[in-house]
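Undergrad: Start from the sequences, fold in the hints, and give me the full structure.
Same order as they appear, the protein sequences are chains A and B. Using full-length UniProt numbering, you'd call the opening residue of the first sequence number 1 and step up by one each time. Using full-length UniProt numbering, you'd call the opening residue of the second sequence number 1 and step up by one each time.
A few of these clues could be false.
Keeping only pairs whose Cα atoms sit at most 30 Å apart, straight-line, the calculated DSBU-like set for lysine-lysine is [stated by the list, open to error]:
1) B:Lys663 - B:Lys627
2) B:Lys564 - A:Lys155
3) A:Lys155 - B:Lys553
4) B:Lys155 - A:Lys132
5) B:Lys634 - A:Lys102
6) B:Lys302 - B:Lys117
7) B:Lys553 - A:Lys102
8) B:Lys634 - A:Lys110
9) A:Lys32 - B:Lys564
10) B:Lys209 - A:Lys103
11) B:Lys627 - A:Lys110
12) A:Lys32 - B:Lys553
13) B:Lys209 - A:Lys130
14) A:Lys103 - B:Lys117
15) B:Lys155 - B:Lys209
Only some residues are given here: those of chain B computed to face chain A with a beta carbon under 10 Å [as the list claims (entries may be wrong)]:
16) Glu463
17) Pro464
18) His472
19) Leu476
20) Arg494
21) Asp524
22) Lys553
23) Glu630
Hints were generated in silico from the structure; no laboratory data involved. Cβ coordinates follow ideal geometry from the N, Cα and C atoms, glycine included.
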Amino acid sequence: MATIGHNNLNAKLVLLGDMGAGKSSLVLRFVKGQFLEFQESTIGAAFFSQTLAVNDTTVKFEIWDTAGQERYHSLAPMYYRGATAAIIVYDISSTDSFTRAKKWVQELQKQGNPNMVMALAGNKADLEDKRKVPAEEARVYAEENGLFFMETSAKTAANVNEIFYEIAKRLPRAQPAQNPAGMVLVDRPAEGSRAASCCS
Amino acid sequence: MKYDMKSYYMEYYFESNPDAIHGEWNFDLHDLQLCFGVKEFLVIAPQSASGVLLDAPEASKLLSAVAIALSNCSSLWPAFVPVHDPTRKAYIGIQSMGTVFTRRFEADRIGSQVPVKLMHLEGLYELFVSKFAYSTLDLSVHNFKVQFTMKLTYKTLPWDDDYMKGFNGEKSGEKSIGIHWDDDCSWSEWYSAEDPVKAFELVAILSEKMVESSMEMAELENASPHEAEKWLISPRISPNLLECSKGNWIGFASQLRLLVDALEMSFQAQFLEDFVSVENAGADNLKSMIVPPPSVRDRVLKELFIDGVEFSNFTDDGHKTGRAIKGAPREFLFAQFCLHALWFGNCNIRAISVLWLEFVREVRWCWEESQLLPRMPTKGPIDLYTCLINQKLHMDESVVGDDSSNKQTLSDEIPGIVDRKPGIVDLFNDKSSDVTRRGSAGIVDSMMLLKSHQSMHAPFTQEPPLMTEDMHEERLQAVEAFGDSFSFSGQLERDILTSDMSAFKAANPDAVFEDFIRWHSPGDWEEDEPADCGSSSTGLEKDRWPPRGRLSKRMSEQGNLWRKIWDHTLALPVSEQKPLLDPNREGEKVLHYLETLRPHQLLEQMVCTAFRAAADILTPTSYGELKQMETEIKQLYVTIATALRPLQVNRFSADSDTIEDLKRVTVAFERVEKLMTLGVSLQRKFRRAPRLARDIFSGYYDFSISKMGSLAEQIVEKGFDMKLELRNQERELLSNMFVPPTASQSWRKVLSMGNLLNGHEPIVREIVFSMRDQATGNHYAAHSGCFSHKKEIETYRMYICGTSNDLRVALSVASCD
Chain A
1 MATIGHNNLN AKLVLLGDMG AGKSSLVLRF VKGQFLEFQE STIGAAFFSQ
51 TLAVNDTTVK FEIWDTAGQE RYHSLAPMYY RGATAAIIVY DISSTDSFTR
101 AKKWVQELQK QGNPNMVMAL AGNKADLEDK RKVPAEEARV YAEENGLFFM
151 ETSAKTAANV NEIFYEIAKR LPRAQPAQNP AGMVLVDRPA EGSRAASCCS
Chain B
1 MKYDMKSYYM EYYFESNPDA IHGEWNFDLH DLQLCFGVKE FLVIAPQSAS
51 GVLLDAPEAS KLLSAVAIAL SNCSSLWPAF VPVHDPTRKA YIGIQSMGTV
101 FTRRFEADRI GSQVPVKLMH LEGLYELFVS KFAYSTLDLS VHNFKVQFTM
151 KLTYKTLPWD DDYMKGFNGE KSGEKSIGIH WDDDCSWSEW YSAEDPVKAF
201 ELVAILSEKM VESSMEMAEL ENASPHEAEK WLISPRISPN LLECSKGNWI
251 GFASQLRLLV DALEMSFQAQ FLEDFVSVEN AGADNLKSMI VPPPSVRDRV
301 LKELFIDGVE FSNFTDDGHK TGRAIKGAPR EFLFAQFCLH ALWFGNCNIR
351 AISVLWLEFV REVRWCWEES QLLPRMPTKG PIDLYTCLIN QKLHMDESVV
401 GDDSSNKQTL SDEIPGIVDR KPGIVDLFND KSSDVTRRGS AGIVDSMMLL
451 KSHQSMHAPF TQEPPLMTED MHEERLQAVE AFGDSFSFSG QLERDILTSD
501 MSAFKAANPD AVFEDFIRWH SPGDWEEDEP ADCGSSSTGL EKDRWPPRGR
551 LSKRMSEQGN LWRKIWDHTL ALPVSEQKPL LDPNREGEKV LHYLETLRPH
601 QLLEQMVCTA FRAAADILTP TSYGELKQME TEIKQLYVTI ATALRPLQVN
651 RFSADSDTIE DLKRVTVAFE RVEKLMTLGV SLQRKFRRAP RLARDIFSGY
701 YDFSISKMGS LAEQIVEKGF DMKLELRNQE RELLSNMFVP PTASQSWRKV
751 LSMGNLLNGH EPIVREIVFS MRDQATGNHY AAHSGCFSHK KEIETYRMYI
801 CGTSNDLRVA LSVASCD
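TA: Here it is in structure tokens:
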């Protein structure tokens, strides 16, 4: 849940996606500006935080980087529970990882926080010659499902900061203060004869 | 207006829509418009308590003064002055109709002892005709042709249970006495609602007729309302439905309001026990709270913990947005507890505390006796969207469930030589390794080990440990405190990985690390492209042994954590491993949580759960196709979720705003609940005419909305009044509602008016006689230019409104002065 205080926003963000899609690399690039050619496979989940300034607000991301192995799937809800944002990562050189990404989107739509900001990241965009997932296909899918889509490369840093920045911009600001009684007031057209009285 | 020490007030009525063609029986008509057949008019009345002029000369003086004033400004409006006793509703009035005609008006009412003659149409006709005697018009023609229309209003008997029994006699015949109309509604398990539809009024309108003699009138009295030109129905809705009533209306909303009160109180004490002990100093207000006797409490607990409750469908089929409300699904034990608590005593904090402490005692007993809790799923992950108590109970249940089931289920697993596909296993003749193979769940399709010519076996693995929200929270906080780290991996996940590796080793004694990766993280195994993919034996991998490929770079790095763990793992089947979570410890932790729960923590969760469960109970009710209802329900869920959000963060203190918001939600809840009962009630009454149910509901819905909107404007209190025209095929349905009165009912009333409908006489009979003069042939016609659009002039008009014991007559006579 995004919490607000003096133009500071804390946002919990979770990365989901198939193993080896580059989730950890993406986070590392964003948080530390580093890239390891062979990022060790995450066991369980890892936590990072990073602060971004968007317009007049600072957004502090609490990032949960999860493991992609199927075995850890059942633990995922605890990470995306209460998350304000999610990045679903796939590898553009693997159709399997794109299929898996779609499954994550489905699960989040069903189980996740309904106001969650979801981003679809086609990672390893530097591997253009090994591309298996056309950008257009992913874009269409993202549009249909109300996600925003970017192709990223943790290796070249392309679009990495941009995707986080874009999420920060889309985070819900203050929770809209709804009228709790939720009453609908409708103006009714005047009907029939109206009485008017005057005293003098 | 001041005159001679007296103030008068004037009231004007404007025809709001002068172009509209009004029939004789337009229901929007003002009383005086109906009586005298006028449109715009003016009433002059003194500003006294009675609001009438008791002095006859004063009245006529006033009236002529007004008439002169009106004619001076060439207004053609009629003016009225109320006279006599206010109960008589008597008026005199005058209207100048252009140059030659003047209309005089007179109305009066007999409140009791109506002469028998005037109770019948015949006598009323004669009364009207007798007025012609004063006319200045030619009386030589005695064959008066009088226009006549009639409106009859009938009312069904109140919808009490007796009546309903008669109404659906064939259906409810076998049922015992004391049934309620809503017995098969979803809420009836908890309470019985008042039927909001009290009765229906039927208005039958007879079209205009020419009547020539009193004989003819007498015949008309025998006419059945079935012959009427129009039938209109007007529901009488219980006024309770509209008021935001405190106390006199019972439903979920009223109980939820009490629960919110209890929440407010819950901040006053540290422990639930404080509310129970009466000796507690300074708790005068507590003493006044009534706790139901132990027998009632025991009955509730027995019902909650009843054995043999089939708990098969714990799929959360609640409203989609119901998940946004952090409660427990309504079939679950805690939700059932909350629902019972709502109706336990008057849902005060003391009663709740008593019930809760007993409830926890019962849960502990179940735990110690290794009994499964009822109304809880034993399998499946913990739903983190439910409230914490529910998660805890789920945890407890699973722990007990594991404990008791482990012994039996594992016994078939322990031998380990589970050859799900004996044929294939035999094929490879790997008996040697079968001896030591333990904890295998079967062969992994077409996977061969790297270093030995054997099929890969998938091991049984430990279920991922169940964790409640607060445990997650604890872990996440620990990690956050640890700070940013790359090398960090959750201890839990590492445990799971270790356990998986152990089990894998046990199931595949000859496996190497690479085999494990191929099974566990296939993405990290890079297979070599087959050299000749086209022609070679495309089928099974096992034909090409050993499988060619290598670990991904990241897995083959020096010092890889995965390999390190692998190297230090012993081969142990699941049955011999230490469980990921200690069930005894976890179970005790759950009970500790329940036993030391703070009052406000309990009440917060109860409020959330109760709101959700109550809403979930109401919504599946069938109310026909009512769009407004659907939107209302959707809106209600959103509203509840919004208002409850502050309760879901645990840092909640006695915040008066939140309590106020919650109370407002109960009002909204009440509204929806009442509309729901109305929808259901209407649907039942009009099963064969759903259109009527829909239209009446929409009418009422619009009315209730306008009512909410006009609260501030203080418009005169106006009840719900709706008339709906019936179609021909719907008439029968309605007339069936007028059950012929039973013998006991009919002797009570003396039938005196005629025009019976199934033996019921009208509650009101309204009649308009009118006498019209043809404009053609009238020598005044030339002068009355402004009325030239009318072909004829109503010279005499009489409105009669009679019930069995009072009669109102209004006469207007046009004459030329």
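Undergrad: All hints, please: hold or fail.
TA: Going through the hints against the structure:
{"no.": "1", "hint": "B:Lys663 - B:Lys627", "result": "holds (26 Å)"}
{"no.": "2", "hint": "B:Lys564 - A:Lys155", "result": "holds (27 Å)"}
{"no.": "3", "hint": "A:Lys155 - B:Lys553", "result": "holds (15 Å)"}
{"no.": "4", "hint": "B:Lys155 - A:Lys132", "result": "violated (76 Å)"}
{"no.": "5", "hint": "B:Lys634 - A:Lys102", "result": "holds (29 Å)"}
{"no.": "6", "hint": "B:Lys302 - B:Lys117", "result": "violated (69 Å)"}
{"no.": "7", "hint": "B:Lys553 - A:Lys102", "result": "holds (26 Å)"}
{"no.": "8", "hint": "B:Lys634 - A:Lys110", "result": "holds (18 Å)"}
{"no.": "9", "hint": "A:Lys32 - B:Lys564", "result": "holds (26 Å)"}
{"no.": "10", "hint": "B:Lys209 - A:Lys103", "result": "violated (75 Å)"}
{"no.": "11", "hint": "B:Lys627 - A:Lys110", "result": "holds (25 Å)"}
{"no.": "12", "hint": "A:Lys32 - B:Lys553", "result": "holds (22 Å)"}
{"no.": "13", "hint": "B:Lys209 - A:Lys130", "result": "violated (92 Å)"}
{"no.": "14", "hint": "A:Lys103 - B:Lys117", "result": "violated (85 Å)"}
{"no.": "15", "hint": "B:Lys155 - B:Lys209", "result": "holds (25 Å)"}
{"no.": "16", "hint": "Glu463", "result": "holds (8 Å)"}
{"no.": "17", "hint": "Pro464", "result": "holds (4 Å)"}
{"no.": "18", "hint": "His472", "result": "holds (4 Å)"}
{"no.": "19", "hint": "Leu476", "result": "holds (7 Å)"}
{"no.": "20", "hint": "Arg494", "result": "holds (6 Å)"}
{"no.": "21", "hint": "Asp524", "result": "holds (6 Å)"}
{"no.": "22", "hint": "Lys553", "result": "holds (4 Å)"}
{"no.": "23", "hint": "Glu630", "result": "violated (14 Å)"}
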